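Q: Sequence:
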Amino acid sequence: MTPHFTNVHNQFKLNGFHLDRDDLCRVAYSFIKEGEDFEKPVGEFLLDWFDEKPYMEMQTSGSTGLPKSIQVDKQAMVHSALATGDFFDLKPGDRALQCLPVKYVAGKMMLIRSIVLGLDLDYVAPTSHPMERLEDKYDFAAMVPLQAQCSIPKLGQIKKLIVGGARINAVLEQQLMQLPTQVFETYGMTETITHIAAKRVGEKAFTVLPHVTISYDERNCLVIHAPHIIAEETVVTNDLVELVNENQFVFLGRIDNIINSGAVKILPEQVEQKLDGKFNRRFFISSEEDPELGEKVVLIVEGEPFEISPETFKRLDKYERPKAIHFIPHFTETENGKIIRKASLLK
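With this note's numbering as the guide, the letters of the sequence shown map in order to residues 271 to 617.
Certain hints may be false.
What follows is a list of derived Cβ distance ranges for each label pair [unchecked claim]:
1) S339 x H288: 30 to 36 Å
2) E605 x G305: 16 to 22 Å
3) K588 x G426: 41 to 47 Å
Simulated pairs of lysine-lysine, DSS-like, Cα-Cα distance not exceeding 30 Å [claimed, not checked]:
4) K338 x K612
5) K588 x K608
6) K544 x K608
7) K424 x K344
8) K430 x K608
9) K303 x K373
In short, the hints are calculated from the structure, not lab data.
Values in this document were obtained by computation on a predicted structure and should not be read as measured data.
Glycine is no exception: its CB is placed at the ideal position from the N, C-alpha and C atoms.
Could you put the whole structure together from the sequences, leaning on the hints where they help?
A: Put into structure tokens, the structure is as follows:
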């Protein structure tokens with residue numbers, strides 16, 4: 271029988287203590303009144319989770335548009351937690367690490383998974399170095415790429431790690447593949463209640479979670495069908511994909527980002543992958559108007575200007591090579607470190 275969102279699994283622990291619903295509400299009040307800055311949002315979330323409303327208000331990250339508030343069904347979040355548990359073979363009593371901010375859906379869902387699945391959850395401050403002072407071993411954890419990068423020396427303490435919120439670049443992927451940890455890159459968004467698919471680092475195709483099916487529309491953009499998780503049952507994305515089968519897809523890039531240069535369509539994400547490891551700075555590919563080409567490819571680099579050798583671009587096709595390079599002191603980003611391209615270009 272599917273648990274109700276008001277239920278707390280009898281094996282659930284928070285920082286070593288068995289807590290039921292009443293206990294969690296008391297802890298929530300304590301966090302709000304006396305807790306550290308990172309604990310106050312946890313307290314607010316727990317009170318929201320256990321109130322009488324069947325839904326929660328959530329904020330989208332704003333990486334592909336203006337941040338907005340949406341209503342998410344609590345029971346759908348329970349179904350999402352169960353699907354994650356099935357996909358990653360999580361069992362009651364498994365030790366989990368929560369190091370994501372609960373402002374966004376990924377952090378909220380780590381708490382919900384633990385409550386629903388009966389995980390033994392340790393909650394730490396959501397910093398860029400979440401494992402700096404940890405010596406314990408964990409069965410499951412979730413991080414953004416920056417946290418994973420900063421935690422590489424200690425990631426062997428985690429059996430299964432999911433990484434989401436932004437793309438894992440090729441350099442980080444190679445480092446993660448050398449670890450004994452099973453590391454998965456996830457795909458999802460607030461509207462799908464965090465991830466609906468995952469792939470092991472080194473693999474090309476994402477595999478969807480249980481009870482999720484996929485297709486694509488006339489634009490070749492991913493369409494997600496998840497009646498137990500999505501209120502409208504279907505989400506039509508702007509993500510260009512290649513379908514491998516009914517359960518797997520390869521992400522190609524966002525249709526919003528396509529550059530039409532001399533009638534050649536270029537996906538910035540694919541150009542960026544070819545340039546991974548070429549800079550010790552963050553960067554992304556964008557475009558500018560051009561009288562001859564319509565649009566020309568430009569490279570945007572974070573930080574102070576420096577000279578870039580033409581050899582850097584030898585792997586790129588003719589139309590992929592940047593016709594201009596611009597330096598921006600600091601990129602605009604979401605809290606999970608995902609670059610907001612349009613906002614960065616306005617600086």
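Q: The structure should be examined with respect to each hint, and the outcome stated for every one.
A: The hints, checked one at a time:
1. S339 x H288: 30 to 36 Å: holds, 34 Å
2. E605 x G305: 16 to 22 Å: holds, 19 Å
3. K588 x G426: 41 to 47 Å: Since the Cβ atoms of K588 and G426 sit about 44 Å apart, the hinted range of 41 to 47 Å holds.
4. K338 x K612: Holds. K338 to K612 sits at ~17 Å (cutoff 30 Å).
5. K588 x K608: holds, 28 Å
6. K544 x K608: holds, 19 Å
7. K424 x K344: violated, 34 Å
8. K430 x K608: holds, 22 Å
9. K303 x K373: holds, 18 Å
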